[in-house]
Amino acid sequence: MLKSLFPTLGRFRFTVQIIMLFVTVYGGALLGSYTVDRVSQALPSLSCAFDKMTGDHCILIVNQHQLHHRVGEALANAKNITLKVFIPTLMSVGIFFMFFFFLNKAFCGWVCPMGTVQELLRKIGLFFKRPLHQFEPGNVGRVRPVKWLMLLVLVLGLPLLAGMGVASNELGDPFCQVCPSRVVTTLLTADTEQIAVRTGTNINFFLGALGNAMFGFIIIAALAVRQPFCRICPLLSWNALFQKLSPMKLVKVDSHEKCEKCGVCEKACPMDIHEIGTEFGKKAFHEDCTLCGRCAEYCPDDGVIQIKFFGIALFKSSRDYYKARVKHESPEGTKKKRVIPIIAKPTSNNG
Amino acid sequence: MKTNSILMGILLASISVAHAAEHPMAASGVMPAGHDHAAMAGAMGMEGMGRPRAWTELPLLKTKMSGANRENTVISIAPQNIVAANIDAYSNNLKDENAHRQLPMEMAGAKLDKPATGGFQMLTAREEQAESVRVASTVYYFGERGAKNPTEMFMQQKNELEIIPQPYPREHSRYRANEDWKFLVRFNGQPLVNQKVKLETSNGSKVEALTDAAGVLNLHIPDDFKRVEEKKEGAGHDHGMRRGADLVVATEYVDGGKTYLTAFNSAYGENAYDKRNLAMGLGFALLGMMGAAPLLRQKKTEKKPAQAASDKKEEV
Numbered sequence: 001m002l003k004s005l006f007p008t009l010g011r012f013r014f015t016v017q018i019i020m021l022f023v024t025v026y027g028g029a030l031l032g033s034y035t036v037d038r039v040s041q042a043l044p045s046l047s048c049a050f051d052k053m054t055g056d057h058c059i060l061i062v063n064q065h066q067l068h069h070r071v072g073e074a075l076a077n078a079k080n081i082t083l084k085v086f087i088p089t090l091m092s093v094g095i096f097f098m099f100f101f102f103l104n105k106a107f108c109g110w111v112c113p114m115g116t117v118q119e120l121l122r123k124i125g126l127f128f129k130r131p132l133h134q135f136e137p138g139n140v141g142r143v144r145p146v147k148w149l150m151l152l153v154l155v156l157g158l159p160l161l162a163g164m165g166v167a168s169n170e171l172g173d174p175f176c177q178v179c180p181s182r183v184v185t186t187l188l189t190a191d192t193e194q195i196a197v198r199t200g201t202n203i204n205f206f207l208g209a210l211g212n213a214m215f216g217f218i219i220i221a222a223l224a225v226r227q228p229f230c231r232i233c234p235l236l237s238w239n240a241l242f243q244k245l246s247p248m249k250l251v252k253v254d255s256h257e258k259c260e261k262c263g264v265c266e267k268a269c270p271m272d273i274h275e276i277g278t279e280f281g282k283k284a285f286h287e288d289c290t291l292c293g294r295c296a297e298y299c300p301d302d303g304v305i306q307i308k309f310f311g312i313a314l315f316k317s318s319r320d321y322y323k324a325r326v327k328h329e330s331p332e333g334t335k336k337k338r339v340i341p342i343i344a345k346p347t348s349n350n351g
Numbered sequence: 001m002k003t004n005s006i007l008m009g010i011l012l013a014s015i016s017v018a019h020a021a022e023h024p025m026a027a028s029g030v031m032p033a034g035h036d037h038a039a040m041a042g043a044m045g046m047e048g049m050g051r052p053r054a055w056t057e058l059p060l061l062k063t064k065m066s067g068a069n070r071e072n073t074v075i076s077i078a079p080q081n082i083v084a085a086n087i088d089a090y091s092n093n094l095k096d097e098n099a100h101r102q103l104p105m106e107m108a109g110a111k112l113d114k115p116a117t118g119g120f121q122m123l124t125a126r127e128e129q130a131e132s133v134r135v136a137s138t139v140y141y142f143g144e145r146g147a148k149n150p151t152e153m154f155m156q157q158k159n160e161l162e163i164i165p166q167p168y169p170r171e172h173s174r175y176r177a178n179e180d181w182k183f184l185v186r187f188n189g190q191p192l193v194n195q196k197v198k199l200e201t202s203n204g205s206k207v208e209a210l211t212d213a214a215g216v217l218n219l220h221i222p223d224d225f226k227r228v229e230e231k232k233e234g235a236g237h238d239h240g241m242r243r244g245a246d247l248v249v250a251t252e253y254v255d256g257g258k259t260y261l262t263a264f265n266s267a268y269g270e271n272a273y274d275k276r277n278l279a280m281g282l283g284f285a286l287l288g289m290m291g292a293a294p295l296l297r298q299k300k301t302e303k304k305p306a307q308a309a310s311d312k313k314e315e316v
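Protein chains in written order, with our numbering: chain V, 1 to 351; chain U, 1 to 316.
Relax, there's no trap hidden among the hints.
Each computed DMTMM-like pair below joins lysine to aspartate or glutamate, with the alpha-carbon atoms no more than 25 angstroms apart:
no.: 1; chain 1: V; residue 1: Lys-84; chain 2: U; residue 2: Asp-113
no.: 2; chain 1: U; residue 1: Lys-114; chain 2: V; residue 2: Glu-73
no.: 3; chain 1: U; residue 1: Lys-62; chain 2: U; residue 2: Glu-179
no.: 4; chain 1: V; residue 1: Lys-52; chain 2: U; residue 2: Asp-223
no.: 5; chain 1: U; residue 1: Lys-95; chain 2: U; residue 2: Glu-171
no.: 6; chain 1: U; residue 1: Lys-206; chain 2: U; residue 2: Asp-180
no.: 7; chain 1: V; residue 1: Lys-52; chain 2: U; residue 2: Glu-179
no.: 8; chain 1: V; residue 1: Lys-244; chain 2: V; residue 2: Glu-279
no.: 9; chain 1: U; residue 1: Lys-64; chain 2: V; residue 2: Glu-73
no.: 10; chain 1: V; residue 1: Lys-308; chain 2: V; residue 2: Asp-254
no.: 11; chain 1: U; residue 1: Lys-299; chain 2: V; residue 2: Glu-119
no.: 12; chain 1: V; residue 1: Lys-52; chain 2: U; residue 2: Asp-180
no.: 13; chain 1: V; residue 1: Lys-323; chain 2: V; residue 2: Asp-302
no.: 14; chain 1: U; residue 1: Lys-182; chain 2: V; residue 2: Asp-191
no.: 15; chain 1: U; residue 1: Lys-299; chain 2: V; residue 2: Glu-329
no.: 16; chain 1: U; residue 1: Lys-258; chain 2: U; residue 2: Glu-127
no.: 17; chain 1: U; residue 1: Lys-62; chain 2: U; residue 2: Asp-88
Which residues of chain V face chain U? A partial, calculated answer using Cβ under 10 angstroms:
no.: 18; residue: Tyr-34
no.: 19; residue: Thr-35
no.: 20; residue: Arg-130
no.: 21; residue: Val-183
no.: 22; residue: Glu-193
no.: 23; residue: Ile-195
no.: 24; residue: Val-197
no.: 25; residue: Asn-204
no.: 26; residue: Gly-216
no.: 27; residue: Leu-223
It is worth saying that the hints were derived from the structure and are not from the lab. These figures come from a predicted structure and were not determined experimentally. For every residue, glycine included, the Cβ atom is placed at its ideal position computed from N, Cα and C.
With the sequences and hints as input, model every part of the structure.
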């Protein structure tokens, strides 16, 4: 029954994503206005507090406010910096980790509404036969540091400086002001307030204009690039800080001679993590991984890549599964209308 | 690769945000416009400072936050236009010792401590005479993670005639001008149909409306900040600070020769689109879309002979 409903991991993940899109964007309307105050308020995905219908909101807005209003203010007033100042922040991180512990970065690949919207946009791009732009091993490394800069500057640095009085108070939540998820999720509730640029001050205007331009860029780029915003999302880097601490992991064997000439998993990875094909063991679970599981789905050999929880394999690559999977969809995501013969030779590029 | 260079552009733009910290607004103490604390200031009783108090004759409960820091916050509740010996405070945590507290009046008003569980506190003051009962009510919110759902607490009967928010704005939300909010009006637990309710604001608006068949008032909060702004000639501009004002919703009902008057007051903020520009917002979004448009063009790269042969094989 379950297998007929969800014949592939991809179908199962897509179903979860759609359900979570409704929960994160419309959950408050479905479950009651006060739901957002009572779940986590520290979700490891870009569920937006500015969405009046949201069921819960992401940890980044909490981090920014706490650094701005508690830590920064305490530092500025030269008060005793006691544990009490940090308790709310520690509480937020603790609650975040309670959720994160079980799903790890699957919050990015399975729960985040912004991730789901970008995947839906790519499906639209495929429908209109738009090309796929992928990052090559030589240039993907230039994009990866951006997510850390976003975290350090927009989520941690500026809010702290604003709280200390060094930067303007308007920079208390700069990431939220440029976050495309704020615009996307509120537009999904037919609320146009967040796409209207603030004109009160120059900083308001600058951040609003930057955020809207980024939103527009991401919406179009997602038609031809898989997960364009995820690559620079500070929540990806925030989650990466904790990914080794969760029992949910992507696991790859310590060596497999066919990997060198195959590379199908690299093509399947929506984050262009080439290390999944070239590295082994712990190194294969890269900081950019969103645990979407596509690499395991498209690995043509048995048990080479697995998603494990407490050492138990929840999903593992298999040749039979791979054969069935590529009949309907290419590693890059293109749907196939005809039955395509599988190239059996495992050492070829097509596996 | 184009994708790469454009994403790098975003990086540079995000770094430039750091330079915005040098704006002269820095350290000015202006409330941040990026989120809703200015309106929360209204709820904390800070926004009304300097404004004439007698903007209404209806009973009010004004809350004011003071204290050296967040850990030592003290909330004082000052009744206006009503004489009450104490304030009743109802917590959204119905099962703890703070579920219902009677706060005695002191010189600066009744003192409200933050319960450990935080959350919503419904505050009421009651003045009873031989032929009349007057009630003032408001809500104070202590931000606290995991606070219980306050719906049951709001729906508990506290007085004969009641105005109950349906719902009260949750965290990161608030009453705002030009928005519709619902209130249940009931007497002894029974909804009052076609009951006249009046709204007054500290910005000078006075509006009357009727409840529907379910006793629910759909209240449109007037967009009256601009009118106040126009009156303040030469007041100088407000550096983008988001303002707050007060509103009070009241109704009167006669039963058994006794007149009941109940008022519910709260802070409200500006119209969501004040100091915002939708057209410009769409313009910048369009600009971003144009920046990404080249990515949609088909690739012009020629296929290698081996790849072309492979594709041909797949098409068989």
